[in-house]
Amino acid sequence: MRRQGWLRRNWPALAAVAVLLPATLAITAANQWSTYLAGSPSSPLDVAAGASVEYGRSGWRIEGTERVSATSAAGQERELPAGTDLVTITVRVDPIELLEDGTAELCSARLEENGGAGPPRSWGNANSNPVPLAGPGPELRSCSSDERSPYTFEAEFVVPADAGDGATLSLGISVPAEFPDYLRFALD
Amino acid sequence: MSVAASPWRHGANGVLLAAILAIAALVLHSTPSREAQQSAIVVPGVIGEPVSGRNIRTTVHSVAAAESVTAGNGWAGSTPGIWVVVDLTVQALVDDENTALGTAVLRVGDVSFSASTRPQNGTVATEQLATGVPLSGPLMFEVPADIVAGPAATTAKLEFATDSDPRVDSLLVVPVDLTALVVRPDLEVDFPEWGAR
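Residue numbers (my numbering), protein chains in the order written: chain E, 383 to 570; chain Z, 2 to 198.
FYI, nobody ran anything at the bench for these hints, they're computed from the structure. Any given hint could be a false lead.
[To be verified] Some but not every residue of chain Z turned toward chain E, in silico, with C-beta under 8 Å:
| id | residue |
| --- | --- |
| 1 | 95 |
| 2 | 96 |
| 3 | 97 |
| 4 | 98 |
| 5 | 129 |
| 6 | 132 |
| 7 | 149 |
| 8 | 152 |
| 9 | 153 |
| 10 | 174 |
| 11 | 192 |
| 12 | 196 |
| 13 | 197 |
Heads up, the beta-carbon is just placed ideally off N, CA and C, and yes, glycines get one too.
Required output: the full structure, derived from the provided sequences and hints.
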């Protein structure tokens with residue numbers, strides 16, 4: 383009787399290796415990435431301009447967007463650096479449920495630019511932005527833990543004058559308890 | 002099994018084993034070390050021209066040397082050595098979250114000097130960067146006097162990155178000839194300024 387070849391005798395083990403080795407690598411990498419991404423606002427939930435949405439323990443809506451240049455009267459009043467614009471976005475927050483300690487949840491707001499010729503860019507809210515602004519500015523620039531009834535805050539972003547040229551600007555709102563999900567509001 | 006085929010089979014197995022060992026040796030000796038895998042991605046630049054990395058763009062406008070400096074915030078610094086003062090513009094490119102000029106180093110041979118934080122907000126060394134908004138101002142490096150005249154001073158390098166540990170990220174490197182600098186007795190520099198120059 384003719385003896386079977388080595389490959390023919392061992393093909394089940396070889397097939398198992400061919401499947402299990404890449405599967406192990408893929409699962410390990412996916413696990414590492416998912417752990418990393420779960421700790422930051424990395425999964426956008428897109429919201430149309432003007433729409434209201436519940437997220438976390440509050441309801442959210444963009445009430446308005448204003449943009450002034452450094453050369454405008456409003457820009458000069460805030461002493462905007464040359465070549466920059468100030469984008470102010472009014473956000474309405476409707477607290478639905480308070481935290482266990484009786485305070486309202488805090489949030490982070492970031493302005494995002496996507497779809498342009500270059501890589502995506504983002505800017506922090508002006509209360510954490512390094513560019514100093516003159517004047518008192520808005521009363522509330524981010525979420526407040528003291529507010530228990532509906533309120534608005536005005537997020538301010540100092541951006542280069544070319545921000546949004548050929549690209550889409552959107553506002554990202556995130557609360558840590560909902561990571562990796564965050565709201566991504568389209569702007570008018 | 003054919004008796005005549007056995008020697009050929011043993012020979013083929015030997016050749017196969019030798020080939021596997023040769024390939025393993027090749028992979029072993031050509032695979033980058035852990036240090037190389039994690040090293041910074043060097044982006045070379047020159048004085049007067051912008052140089053860009055993943056999340057940082059810098060232009061070194063000029064380099065000067067002085068025995069004492071006065072910063073734009075009024076801070077005056079003397080040193081038993083020499084101040085190497087760099088005038089530059091820097092900005093973040095994609096993200097300003099926790100982005101600062103974490104690495105601002107003057108490297109002379111094997112010796113590196115971090116930008117001084119003694120002038121506090123009189124330099125850009127401690128400032129956060131903004132996405133797409135340039136920040137212009139000085140960096141001050143306090144170095145021994147013999148360094149600027151030493152043999153390695155002709156090939157000194159300025160290094161910039163957004164993190165103090167620039168591994169697996171961009172490291173902008175701008176060469177500077179320190180021996181070509183005229184050491185002034187004193188130097189006044191402007192306060193850091195945001196916006197396009």
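Have a go at the residue 129 of chain Z hint: is there a Cβ in chain E nearer than 8 Å to its own Cβ?
-> OK, holds: residue 129 of chain Z within 8 Å of chain E, min 3 Å.
Hint check: 8 Å Cβ-Cβ cutoff, residue 98 of chain Z to chain E | holds, 6 Å
Should the hint that residue 149 of chain Z touches chain E count as held when the rule is a Cβ pair under 8 Å?
-> violated, 32 Å
Residue 152 of chain Z as chain E interface residue, shortest Cβ-Cβ below 8 Å = At about 40 Å, which exceeds the 8 Å cut-off, the nearest Cβ of chain E leaves the hint on residue 152 of chain Z violated.
Residue 192 of chain Z as an interface hint toward chain E, with CB separation required under 8 Å = violated, 12 Å
Go through the hint on residue 96 of chain Z and say holds or violated, using the shortest Cβ distance to chain E against 8 Å.
-> holds, 5 Å
Restraint outcome when residue 95 of chain Z is required to lie within 8 Å of chain E by C-beta distance = holds, 5 Å
Grab the minimum C-beta distance from residue 153 of chain Z to chain E and call the hint holds if it beats 8 Å, violated otherwise.
-> violated, 35 Å
Evaluation of the interface hint that places residue 174 of chain Z against chain E, nearest CB under 8 Å | violated, 22 Å
Would you check whether residue 197 of chain Z satisfies its interface hint, that is, whether its CB is within less than 8 Å of any CB in chain E?
-> holds, 4 Å
Can residue 132 of chain Z be said to touch chain E, with a Cβ gap under 8 Å?
-> holds, 5 Å
Interface hint for residue 97 of chain Z, Cβ within 8 Å of any Cβ on chain E | Cβ of residue 97 of chain Z sits 6 Å from chain E, so the hint holds.
Of the hints listed earlier, those the structure fails to meet are numbers 7, 8, 9, 10, 11, in rising order.
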